[in-house]
Every structure is written in C-alpha cells, then in structure tokens.
Amino acid sequence: MKRNEILELTIQSYAYEGLGVAKIPVEKDGVTKDFVIFVQHAYPGDTVKAEIRKIKKSYAEAKLVEVITPSAERIKARCNFFGTCGGCKQQDLLYPAQARYKQEQVKDIFNRLGGFTDFALEEIISAEQNFYYRNKMEFSFAEQRWLTLEE
Numbered sequence: 001m002k003r004n005e006i007l008e009l010t011i012q013s014y015a016y017e018g019l020g021v022a023k024i025p026v027e028k029d030g031v032t033k034d035f036v037i038f039v040q041h042a043y044p045g046d047t048v049k050a051e052i053r054k055i056k057k058s059y060a061e062a063k064l065v066e067v068i069t070p071s072a073e074r075i076k077a078r079c080n081f082f083g084t085c086g087g088c089k090q091q092d093l094l095y096p097a098q099a100r101y102k103q104e105q106v107k108d109i110f111n112r113l114g115g116f117t118d119f120a121l122e123e124i125i126s127a128e129q130n131f132y133y134r135n136k137m138e139f140s141f142a143e144q145r146w147l148t149l150e151e
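Our numbering applies: residue 1 is where the sequence shown begins, and numbers increase by one.
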C-alpha cells in the first residue's frame, strides 16, 4: 500500500468523527494482521473506492472516492448544500443508525478510556423531529473562490 493508491474496501464499523473503518490483511514477518484504514464519510456496509492519504505504523487514512455499493443505511441527503456547508455531516445516514452509532461510541469511550466494563448505558433518546429544528447555516466568504467537493 502506498500514498495516493486507490483501494476497494468494505467498511466494517464506524469510528469517531464520521470515519468508516475497513480492515485489510497485511503480512509482516510471517504473521498476518488486520491493518486498519479510516475512510472519511463511509458507513458500515458500504463498499467503496478510497484514496490513501496518510500511512501510519498501525493504520492509514483515506479519502472517499466513490461508493460502489451503498450501505442499506445510506440515503440521499435532503439538503442541497450537504457536504459543502458542513452543518449536516451525517444527513445521508438514516437517523436511527446515527443514534445507534453514537450510542456505541459513548459505550466505547466509557469502556476504553474510562475503564468501565460492567455498566448499564441508558438508550439515547432520539429527537422527535430531525429536520427543521435548527436555523443555522455556516458559509465562509473570501476573496478567492472556494472549491466544492466535486471539484
């Protein structure tokens, strides 16, 4: 694997900050281990093409190039500015899936960082209305032209 290489990956789980997690087998010194690749804006169940951006000792970071086969939880975003303004980072993911992934992340934080292993975590109470409850959009302005995600 090398920087700028494009790989076809199956996203297996979801990490913090909206990163999909893929694992590929890598052999080193006769031992095969899973090498983790974090893919921006990819969801569990997606099969994607991703471009390797950074390679570290135990993981790599990749940019989503194309969704080959979308997860059953991936949907079309309702906002015309999705992906450009930054205000709705997971709008293309079913809302119950968003809540479930957040719940899993909270449990993982308590477990890994807090050392709590035997505890009951209350279920997240989802919003009754997940659209039209905010009136904020953030757009940046500058003298030069900004590039969109497609460019």
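In short, the hints are calculated from the structure, not lab data. There could be a bad hint or two in this list.
[As the list claims (entries may be wrong)] Derived lysine-lysine pairs resembling BS3-like cross-links, with alpha carbons at most 30 Å apart: (1) K23 - K63; (2) K102 - K33; (3) K76 - K57; (4) K28 - K76.
Here the structure is a predicted model, which is why all the values come from computation and not from measurement.
Quick one, are K28 and K76 close enough, alpha carbons at most 30 Å?
-> Answer violated: K28 to K76 is near 41 Å, above 30 Å.
Sort out whether K57 lies within 30 Å of K76, counting only the CA atoms.
-> Not OK: K76 and K57 at ~35 Å, beyond 30 Å, violated.
Restraint check for K102 with K33, where alpha carbons must lie at most 30 Å apart | Holds. K102 to K33 sits at ~28 Å (cutoff 30 Å).
Taking only the CA atoms, is the gap from K23 to K63 under or equal to 30 Å?
-> At roughly 15 Å apart (the allowed maximum being 30 Å), K63 and K23 satisfy the hint.
Comparing the model with each earlier hint shows violations of hints 3, 4; every other hint is respected.
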